[in-house]
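Peer 1: Order-wise, the sequence lines are chains A and B. Quick note: the first sequence uses this note's numbering, first residue 5, plus one each step. Quick note: the second sequence uses this note's numbering, first residue 19, plus one each step.
Accuracy of the hints is not assured; some may be wrong.
One side only, chain B facing chain A, incomplete, derived with CB under 10 Å [what the hints assert, rightly or not]:
#1 F36
#2 A37
#3 A87
#4 R135
#5 I136
Footprint (simulated), chain A over chain B, 3 or more residues, beta carbon under 8 Å [to be verified]:
#6 38-45
#7 56-67
#8 77-85
Residues from chain B that keep clear of chain A, each with C-beta distances beyond 12 Å, as calculated [what the hints assert, rightly or not]:
#9 Y103
#10 S134
#11 T145
These aren't lab readings, by the way, just hints derived from the structure by calculation. Glycine included, C-beta positions come from ideal geometry on N, C-alpha and C.
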Amino acid sequence: MAGRYLAVVDHAYRGGPEVQFCDLFYLARGLHRQLGGLDVVLRGPAVTYAVDTGPLPRLRVGARHLDLPDPRRSLRALLAADSAVSVDEPALRALGLTPDRVLPGVVCRDSASLTRDWPDYEGVWFL
Amino acid sequence: MAARPPADVLLVVTGAPFASDMLTTVLRLVDELLRRGRSVLVWACGYTTMLTQAALGAHKPRDVDDWAARYPSTAAVVSGLLAEYPALFGWEVCAYCAQDRGAGPHVPGVRTRAPSRIGTNVAAARTTVYIGGA
Chain A
5 MAGRYLAVVD HAYRGGPEVQ FCDLFYLARG LHRQLGGLDV VLRGPAVTYA
55 VDTGPLPRLR VGARHLDLPD PRRSLRALLA ADSAVSVDEP ALRALGLTPD
105 RVLPGVVCRD SASLTRDWPD YEGVWFL
Chain B
19 MAARPPADVL LVVTGAPFAS DMLTTVLRLV DELLRRGRSV LVWACGYTTM
69 LTQAALGAHK PRDVDDWAAR YPSTAAVVSG LLAEYPALFG WEVCAYCAQD
119 RGAGPHVPGV RTRAPSRIGT NVAAARTTVY IGGA
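Construct the complete structure from the given sequences, taking the supplied hints into account.
Peer 2: Following this line, the structure appears as structure tokens:
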């Protein structure tokens with residue numbers, strides 16, 4: 005992990021039609037490219053970003069249909085770019101969800117192990 | 019500009035965009051009410067005053083991962099509703115909050131109003147829904 009950064013995401017629901025494609029993980033992908041490596045940890049309500057769902061509906065606003073942020077698509081792109089994405093399993097279970105619901109490639113870990121790695125990173129940022 | 023009749027529903031929006039699903043809720047309510055022929059007035063306070071600035075242009079900045087895609091700005095979304103429902107829809111911006119944030123000028127059709135106007139709007143509207151979160 006030397007030279008890599010870790011992004012910790014605790015908050016979910018970070019905007020819809022004002023955000024569209026430019027969601028939190030769009031930023032993370034940019035940081036991943038620029039910094040030479042960024043891994044992601046999802047905690048609290050943000051664990052739901054990694055839970056697989058069906059296709060998202062578009063938002064109808066008059067004659068327009070807007071694309072809302074699609075965190076699963078964004079996370080898949082991060083994973084494809086060799087970013088490691090982890091989920092706090094107790095937070096997942098607290099919401100009544102189980103590890104079999106998360107996207108392929110996302111790792112569920114216990115809370116303590118998620119912080120054990122922090123000294124190995126160049127920096128730990130809270131996005 | 020001609021006076022607009024009282025709104026069936028006044029949405030007082032004081033929460034901040036980019037921080038919750040607030041704007042999704044607002045636009046869903048607006049869309050559904052307008053489709054049912056109800057008149058709607060949005061009173062934009064706080065950082066919601068940033069959403070209708072003319073400087074935002076018609077589109078969001080380019081998606082570097084999909085250069086051909088174009089996404090409308092929030093200002094364009096509001097402009098579209100104003101053009102589509104001129105007799106039913108209005109969007110007013112709190113002058114104090116806008117000035118305090120350097121928000122403006124706004125796209126045509128969006129009215130900037132003194133904060134003292136909010137009481138008048140509430141009194142005139144048949145129903146007021148306050149959407150906070152600031």
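Peer 1: Run every hint past the structure and note whether it holds.
Peer 2: Against the structure, the hints come out as follows:
1. F36: Since chain A brings a Cβ to about 4 Å from F36(B), closer than 10 Å, the hint holds.
2. A37: Holds: closest Cβ of chain A sits about 7 Å from A37(B), inside 10 Å.
3. A87: This hint holds: A87(B) lies near chain A, its Cβ roughly 7 Å from the closest one there, short of 10 Å.
4. R135: 24 Å, violated
5. I136: Since the shortest Cβ distance to chain A is 23 Å, the answer is violated.
6. 38-45: holds (count 5)
7. 56-67: Coverage by chain A is violated for the segment 56-67 of chain B (0 residues, Cβ < 8 Å).
8. 77-85: holds (count 6)
9. Y103: 7 Å, violated
10. S134: 28 Å, holds
11. T145: 21 Å, holds
Going through the hint list in order, the structure does not satisfy hints 4, 5, 7, 9.
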